[in-house]
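Visitor: Residue numbers (the numbering used here): 1 to 70.
Rather than coming from a laboratory, the hints here were simulated on the basis of the structure.
Don't take each hint at face value.
To be verified - Restricting the straight-line Cα-Cα distance to at most 25 Å, the calculated cross-link-like pairs of lysine to any residue (SDA-like) are: (1) 26 <-> 12; (2) 11 <-> 23; (3) 62 <-> 43; (4) 11 <-> 26; (5) 62 <-> 48; (6) 26 <-> 36; (7) 19 <-> 36; (8) 62 <-> 50.
Stated by the list, open to error - Quick list of simulated restraints, FRET-style, between CB atoms: (9) 11 <-> 53: 55 to 63 Å; (10) 16 <-> 49: 52 to 60 Å; (11) 33 <-> 8: 47 to 55 Å; (12) 13 <-> 44: 49 to 57 Å; (13) 5 <-> 41: 53 to 61 Å; (14) 14 <-> 40: 40 to 48 Å; (15) 22 <-> 48: 42 to 50 Å; (16) 38 <-> 63: 49 to 57 Å; (17) 11 <-> 36: 36 to 44 Å; (18) 24 <-> 58: 56 to 64 Å; (19) 14 <-> 47: 49 to 57 Å; (20) 42 <-> 20: 35 to 43 Å.
Owing to the predicted nature of the structure, the values given are computational and were not obtained by experimental measurement.
A virtual CB, placed ideally from N, CA and C, is assigned to each residue, including glycine.
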Amino acid sequence: MQNDRSLESYKVYWWEREKVQCSTEKVSSGVQLKTLSGVFVLLGAGIGAGFIVLIVEFVVAKVWGTERFK
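Go ahead and model the full structure; you've got the sequences and the hints to work with.
Guide: Right, dumping it as structure tokens:
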């Protein structure tokens, strides 16, 4: 296929036949803190829930002791 240049003819046929000119202006304004605020809220809620579980585990271990769980 490469020796008889059929690959080149396929390339011309599929890619250069009906070329569409796309606009080159920038559409997106980038990532802003306002768009990422949900991620930070979710991260803070996860860390807070982790600390609550940690405190509950310490309280349960102090009240019931470790002998009950062995």
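Visitor: Run every hint past the structure and note whether it holds.
Guide: How the hints compare with the structure:
| no. | hint | result |
| --- | --- | --- |
| 1 | 26 <-> 12 | violated (29 Å) |
| 2 | 11 <-> 23 | holds (23 Å) |
| 3 | 62 <-> 43 | violated (29 Å) |
| 4 | 11 <-> 26 | violated (29 Å) |
| 5 | 62 <-> 48 | holds (21 Å) |
| 6 | 26 <-> 36 | holds (21 Å) |
| 7 | 19 <-> 36 | violated (37 Å) |
| 8 | 62 <-> 50 | holds (19 Å) |
| 9 | 11 <-> 53: 55 to 63 Å | holds (60 Å) |
| 10 | 16 <-> 49: 52 to 60 Å | holds (57 Å) |
| 11 | 33 <-> 8: 47 to 55 Å | holds (50 Å) |
| 12 | 13 <-> 44: 49 to 57 Å | holds (56 Å) |
| 13 | 5 <-> 41: 53 to 61 Å | holds (59 Å) |
| 14 | 14 <-> 40: 40 to 48 Å | holds (46 Å) |
| 15 | 22 <-> 48: 42 to 50 Å | holds (46 Å) |
| 16 | 38 <-> 63: 49 to 57 Å | violated (37 Å) |
| 17 | 11 <-> 36: 36 to 44 Å | holds (42 Å) |
| 18 | 24 <-> 58: 56 to 64 Å | holds (60 Å) |
| 19 | 14 <-> 47: 49 to 57 Å | holds (52 Å) |
| 20 | 42 <-> 20: 35 to 43 Å | holds (40 Å) |
When the structure is compared with the earlier hints, violations turn up for hints 1, 3, 4, 7, 16 and for no others.
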